[in-house]
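Turn these sequences into a full structure, and let the hints steer you where they fit.
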Amino acid sequence: MRAAITTLTLALLMVSQFTLSGTPPLSAAELDAKASKINFVGRKPDGSHEGGFKEFSAEAKLSPESLADGTLVIEIDTTSLWSDNPKLTNHLKNPDFFDVRKYPKIKFESTKMTATDTPNAGVVTGNLTMLGKTNEVQVPIVCKVENGICNLKAEFKIDRTKWGMTYGEGKVDAIVDINATLVFKP
Amino acid sequence: MLVACVAALLSQRLIGRRVGINETAMPLLTSGIGGIIVGLGWWMGMLIALAGRQWITAEIGWAQRLQGVEAWQTALWPLLLLAAVPSIVGDQSIAAVRMVAAAVFASLLAYVVLPHGEAWQDSMNLHRPWSALIVASVMCNTFSLDGLIRSGAKVWSLLVMIAGIGPAFLLASLNYAAPAEWILAGLAATAGVLLAASWAAFREPAQAKGPVQNNESDQINGPVIAVLSAAVTLPVAGLIATTVTTSRFYTWEEYPMWLYAVALFLPTIVVIIDFPLRQFNNKIRIPVAALCSVALIAACVGKLLLQEPPETW
Numbered sequence: 000m001r002a003a004i005t006t007l008t009l010a011l012l013m014v015s016q017f018t019l020s021g022t023p024p025l026s027a028a029e030l031d032a033k034a035s036k037i038n039f040v041g042r043k044p045d046g047s048h049e050g051g052f053k054e055f056s057a058e059a060k061l062s063p064e065s066l067a068d069g070t071l072v073i074e075i076d077t078t079s080l081w082s083d084n085p086k087l088t089n090h091l092k093n094p095d096f097f098d099v100r101k102y103p104k105i106k107f108e109s110t111k112m113t114a115t116d117t118p119n120a121g122v123v124t125g126n127l128t129m130l131g132k133t134n135e136v137q138v139p140i141v142c143k144v145e146n147g148i149c150n151l152k153a154e155f156k157i158d159r160t161k162w163g164m165t166y167g168e169g170k171v172d173a174i175v176d177i178n179a180t181l182v183f184k185p
Numbered sequence: 000m001l002v003a004c005v006a007a008l009l010s011q012r013l014i015g016r017r018v019g020i021n022e023t024a025m026p027l028l029t030s031g032i033g034g035i036i037v038g039l040g041w042w043m044g045m046l047i048a049l050a051g052r053q054w055i056t057a058e059i060g061w062a063q064r065l066q067g068v069e070a071w072q073t074a075l076w077p078l079l080l081l082a083a084v085p086s087i088v089g090d091q092s093i094a095a096v097r098m099v100a101a102a103v104f105a106s107l108l109a110y111v112v113l114p115h116g117e118a119w120q121d122s123m124n125l126h127r128p129w130s131a132l133i134v135a136s137v138m139c140n141t142f143s144l145d146g147l148i149r150s151g152a153k154v155w156s157l158l159v160m161i162a163g164i165g166p167a168f169l170l171a172s173l174n175y176a177a178p179a180e181w182i183l184a185g186l187a188a189t190a191g192v193l194l195a196a197s198w199a200a201f202r203e204p205a206q207a208k209g210p211v212q213n214n215e216s217d218q219i220n221g222p223v224i225a226v227l228s229a230a231v232t233l234p235v236a237g238l239i240a241t242t243v244t245t246s247r248f249y250t251w252e253e254y255p256m257w258l259y260a261v262a263l264f265l266p267t268i269v270v271i272i273d274f275p276l277r278q279f280n281n282k283i284r285i286p287v288a289a290l291c292s293v294a295l296i297a298a299c300v301g302k303l304l305l306q307e308p309p310e311t312w
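In order, the protein sequence lines correspond to chains A and B.
Here the first sequence is numbered in numbering that gives the first Met the number 0, starting from 0 and rising by one per residue.
Here the second sequence is numbered in numbering that gives the first Met the number 0, starting from 0 and rising by one per residue.
Hints may contain errors.
Unchecked claim - Across the chosen pairs, the derived CB separations fall in these ranges:
{"#": "1", "chain 1": "A", "residue 1": "TRP81", "chain 2": "B", "residue 2": "GLY60", "range": "30 to 40 Å"}
{"#": "2", "chain 1": "B", "residue 1": "GLY116", "chain 2": "A", "residue 2": "ALA32", "range": "23 to 33 Å"}
{"#": "3", "chain 1": "B", "residue 1": "GLY301", "chain 2": "A", "residue 2": "TRP81", "range": "25 to 35 Å"}
FYI, nobody ran anything at the bench for these hints, they're computed from the structure.
Beta carbons: idealized from backbone N, C-alpha and C, even for Gly.
So, in structure tokens, the structure goes:
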């Protein structure tokens with residue numbers, strides 16, 4: 000556990016450009032938007048569809064002293080939504096699903112970061128605001144650092160109905176898989 | 000709205016007589032009350048469908064539920080007004096009032112059904128032309144269908160209404176499922192009125208006799224069927240305009256103008272084609288109207304489903 004905390008802290012510190020002695024104590028990392036992706040997979044009894052968001056921003060601020068003090072804020076532009084079928088994209092943008100006109104942003108703000116026993120792995124707890132509703136989610140992350148570039152990968156599931164996205168209950172699964180890769184440059 | 004009212008009165012005055020405005024004489028009180036009851040019954044079906052699908056699941060207050068969260072939900076109230084308009088199409092003075100009411104309530108419908116607010120700033124340029132299209136669609140479809148009912152096409156005028164809902168439903172179902180589900184309730188309610196009208200026609204002993212001319216068919220079908228049919232003309236016209244407009248504003252697809260025109264004016268197009276055939280009996284008119292409806296719906300299906308295969312959840 001201790002080793003995992005150390006590894007994760009080190010990885011996150013690389014993201015924060017190792018400003019160990021600098022002030023202010025929190026430092027920001029720059030997102031490489033081209034290399035990053037936020038995708039989702041929705042399922043129904045007879046198949047599934049993949050989609051995602053082309054435009055989003057992320058800001059990571061990390062404390063060299065304590066992992067728990069770090070923050071991660073992700074803001075997604077919902078109008079950049081895409082899916083594996085243009086007709087479906089059209090439907091997903093409407094109030095049945097993401098209602099992108101009324102809610103052009105999805106926001107995730109971390110409230111707690113903890114490390115796990117697995118090397119380079121941790122859990123980011125935070126508030127996910129979508130369709131005007133905020134719910135707490137726990138996101139397991141794996142953070143790998145190579146050549147000073149941090150790859151933060153997260154694979155988790157959310158229950159879309161908690162945010163009021165109730166269209167097609169019974170026909171479309173309530174649980175949606177989220178796959179995110181955030182690449183931070185020093 | 001003023002322009003629409005003047006247009007309604009003028010069209011009633013100038014064209015109404017030519018299409019046989021006084022062809023059918025009906026008892027005013029019975030027809031008036033009966034028509035309003037049928038109209039309100041149709042609207043109650045829409046209310047129950049909206050309450051069942053939207054109000055129970057939505058985590059919102061009752062004031063917001065009644066007002067409507069989305070613009071298309073707000074259309075419920077103008078539709079109530081349209082459903083409550085007297086459906087006596089045979090009396091010229093009431094028919095004139097009916098057209099003016101159609102103009103006023105269609106204007107109200109246009110005001111509420113167009114999505115407003117900060118999120119819709121980029122579509123504000125579409126509001127004026129679409130307001131005019133909504134009013135024109137409601138008035139033209141009402142005027143045409145009322146004329147069709149007066150000309151003896153009482154029961155099958157409801158089939159034209161159901162056909163008119165078809166392209167609107169198709170457009171909505173490909174873009175925004177919630178109003179598409181709602182319009183299905185309108186389709187079911189109209190089908191219910193069709194069944195009632197068919198039952199009333201079946202009960203007429205003279206119905207079993209051979210082909211008849213228009214004036215005779217008026218007597219055979221009687222005022223009951225005319226009232227049943229005309230009672231839902233206005234709300235169905237309002238529902239078509241609401242659904243097509245919602246589909247237009249909630250789509251990111253570039254559909255051709257002819258598609259919207261067909262979806263907004265299908266009943267009017269069918270009635271225009273039927274107009275020169277009114278001298279013939281229903282054995283000729285019904286297949287022609289059916290063929291026209293099928294051809295128009297097929298064109299919409301071809302464009303929406305065959306050229307660009309849809310994908311839904």
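Hints and how they fare:
no., hint, in the structure
1, TRP81/A / GLY60/B: 30 to 40 Å, "holds (35 Å)"
2, GLY116/B / ALA32/A: 23 to 33 Å, "holds (30 Å)"
3, GLY301/B / TRP81/A: 25 to 35 Å, "holds (27 Å)"
Against the hints set out earlier in the document, no violation occurs for any number.
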